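K.L.:
Heads up: the protein sequence lines correspond to chains V and H, in order. Just so you know, this note's numbering puts 60 at position 60 of the first sequence, and the rest follows in order with no gaps. Just so you know, this note's numbering puts 11 at position 11 of the second sequence, and the rest follows in order with no gaps.
Just so you know, the hints here were simulated from the structure itself, not pulled from any lab data. Do not rely on the hints blindly, as some may be mistaken.
Identical chains share a label here; the pair holds if one copy fits it or two copies do between them.
Unchecked claim - In the EDC-like style, the derived pairs of lysine to aspartate or glutamate whose C-alpha atoms are separated by at most 16 angstroms in a straight line are: (1) K200 - E16; (2) K194 - E154; (3) K54 - E216; (4) K194 - D206; (5) K199 - D221.
Quantities reported herein were computed from a predicted structural model and do not represent experimental measurements.
2 protein chains.
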Amino acid sequence: MILIDGRATAKQIKLEIIEEIKQITNKGGAPPHLAVVLVGNNSSSETYVTNKIKICKEVGVQCTLIHYENSVTESKLLATVNDLNKDENIDGFIIQLPLPKHISEQKIIESISYKKDVDGFHPINVGRMVIGLPCFVPATPKGIFELLKRYKIETIGKHCVILGRSNIVGKPIANLLAQKTYPGNCTLTICHNKTINIKKHCLKADIIVSAIGVPEFLKGDMVKYGAVVIDVGITRVYSMKNKSGFQLKGDVLFEEVAQKCSYISPVPGGVGPMTIISLIQNTLLARKKVIY
Amino acid sequence: MILIDGRATAKQIKLEIIEEIKQITNKGGAPPHLAVVLVGNNSSSETYVTNKIKICKEVGVQCTLIHYENSVTESKLLATVNDLNKDENIDGFIIQLPLPKHISEQKIIESISYKKDVDGFHPINVGRMVIGLPCFVPATPKGIFELLKRYKIETIGKHCVILGRSNIVGKPIANLLAQKTYPGNCTLTICHNKTINIKKHCLKADIIVSAIGVPEFLKGDMVKYGAVVIDVGITRVYSMKNKSGFQLKGDVLFEEVAQKCSYISPVPGGVGPMTIISLIQNTLLARKKVIY
Chain V
1 MILIDGRATA
11 KQIKLEIIEE
21 IKQITNKGGA
31 PPHLAVVLVG
41 NNSSSETYVT
51 NKIKICKEVG
61 VQCTLIHYEN
71 SVTESKLLAT
81 VNDLNKDENI
91 DGFIIQLPLP
101 KHISEQKIIE
111 SISYKKDVDG
121 FHPINVGRMV
131 IGLPCFVPAT
141 PKGIFELLKR
151 YKIETIGKHC
161 VILGRSNIVG
171 KPIANLLAQK
181 TYPGNCTLTI
191 CHNKTINIKK
201 HCLKADIIVS
211 AIGVPEFLKG
221 DMVKYGAVVI
231 DVGITRVYSM
241 KNKSGFQLKG
251 DVLFEEVAQK
261 CSYISPVPGG
271 VGPMTIISLI
281 QNTLLARKKV
291 IY
Chain H
1 MILIDGRATA
11 KQIKLEIIEE
21 IKQITNKGGA
31 PPHLAVVLVG
41 NNSSSETYVT
51 NKIKICKEVG
61 VQCTLIHYEN
71 SVTESKLLAT
81 VNDLNKDENI
91 DGFIIQLPLP
101 KHISEQKIIE
111 SISYKKDVDG
121 FHPINVGRMV
131 IGLPCFVPAT
141 PKGIFELLKR
151 YKIETIGKHC
161 VILGRSNIVG
171 KPIANLLAQK
181 TYPGNCTLTI
191 CHNKTINIKK
201 HCLKADIIVS
211 AIGVPEFLKG
221 DMVKYGAVVI
231 DVGITRVYSM
241 KNKSGFQLKG
251 DVLFEEVAQK
261 CSYISPVPGG
271 VGPMTIISLI
281 QNTLLARKKV
291 IY
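All chains, please: the whole structure from these sequences, using the hints.
P.N.:
Written out as structure tokens, the structure reads:
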């Protein structure tokens, strides 16, 4: 069994990004510039944003944080998006989700210029991804793709089972893995909460990508020998073991499943560390204007 | 076995459209107005366009044909699209594909206003469809959905196997049937030319949608008893039986497969007749501005 080490891979990509940015700035170019819009004081959101800013600094991406109170109006936020769309110094930006209930997330997402939409949530980027055109791919699927690539995991003709159909993980990874590319060319099955007998489907899979957020859902008896298992679930579970009082759990019961796998990504340390670095990669792509 | 009668269903929808348009015009409103842009003299394209115009007339949709020589330039075509985008008298329009090789189809498609894109090929409509937002759904998947609905075929929790991953049939129908809607909520498998052992996958399916364009590919021994089979393939095959010298063949070996099915759509007379009427439904939606 080979452990897919997301931390080491993210670290390697970080070095590559640093090198690329140096090449830009050595020629007198400005470094990539990401703006992050945060609304309110959701503690998870604050942690994510802090980490994003931290990694930006480490790799040499300029990062501007715009932080609003929870009470900010939708029109104020739309005006900010509009300003960022026009600002030539900003290569890409994200609105950290979730937003307070009085603001329509969809309306905000659709107001972002697709050319600066480094989260890849705008319908144009989603549509282009499905059609197979150059686009910003959302961070989590992009990170999974990097792991598959860098571990040289064969995908052509493999039967891949995706657990979950969210707009940010399940649907994009399903669409990407069915494309005529590498990674891709998989026979693709999407399972979800309406699927009858998920175990039956999982047992047939050469590759399982689990993104349902149910801790330790995937047990050893649900996986065939030699399968590749990518665990996208990250759930906080109360735990007396840690000082923090909680522990991060994936969708996969690692001790059981790992024994049967050819490759497995752990939680933590698998897909998680890849997501922020994927966002930074998208920001670099935006800076280099290679997509749009 | 119940035969899914696309001709009868399309006829019924036609009556419904006529009724709706009457309600609009009785109130003094203009009827829906579709423009069709045809380039060159591809005989299949000319037949499709002729049929579209004919059905428009029958239901009371105003239809304007813009026909260019094969030699028309890309910039001329882009200018036409731009005019149609702005023309307040046009509710929706389509560019009949394929286009001559000197014109980029993707560029033309992306220049169409998504609000008038009644073919549903623009990335915004594709993206919104995948996310689950109101949008123009392409004619063939839309027609299949109408058939499933009007024949009250259960889809929730069913395992649906799609053969083919084209942008106009396979991918959209896969994305739609995996959504949290009716028809939808299927466990969804996409098979294609890189799939190993398609038969194995088909034998597990409660519903098969075949859109690969290989005549009589799906044989009786590839389908389980009680399956629903939707045949999207339409291939012209040379035949001495018909005066025209050819015959239309679906992807399904009907004589064998029909015996095992709970429901089956034939070729011709299944999905085919639904596609034009679906385009007209989209034009009516555009006229009523219910999507955008």
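K.L.:
State for each hint whether it applies.
P.N.:
Verification of the supplied hints:
no.: 1; hint: K200 - E16; verdict: neither (41 angstroms within a copy, 43 angstroms between copies)
no.: 2; hint: K194 - E154; verdict: between (29 angstroms within a copy, 13 angstroms between copies)
no.: 3; hint: K54 - E216; verdict: neither (30 angstroms within a copy, 58 angstroms between copies)
no.: 4; hint: K194 - D206; verdict: between (22 angstroms within a copy, 14 angstroms between copies)
no.: 5; hint: K199 - D221; verdict: within (8 angstroms within a copy, 25 angstroms between copies)
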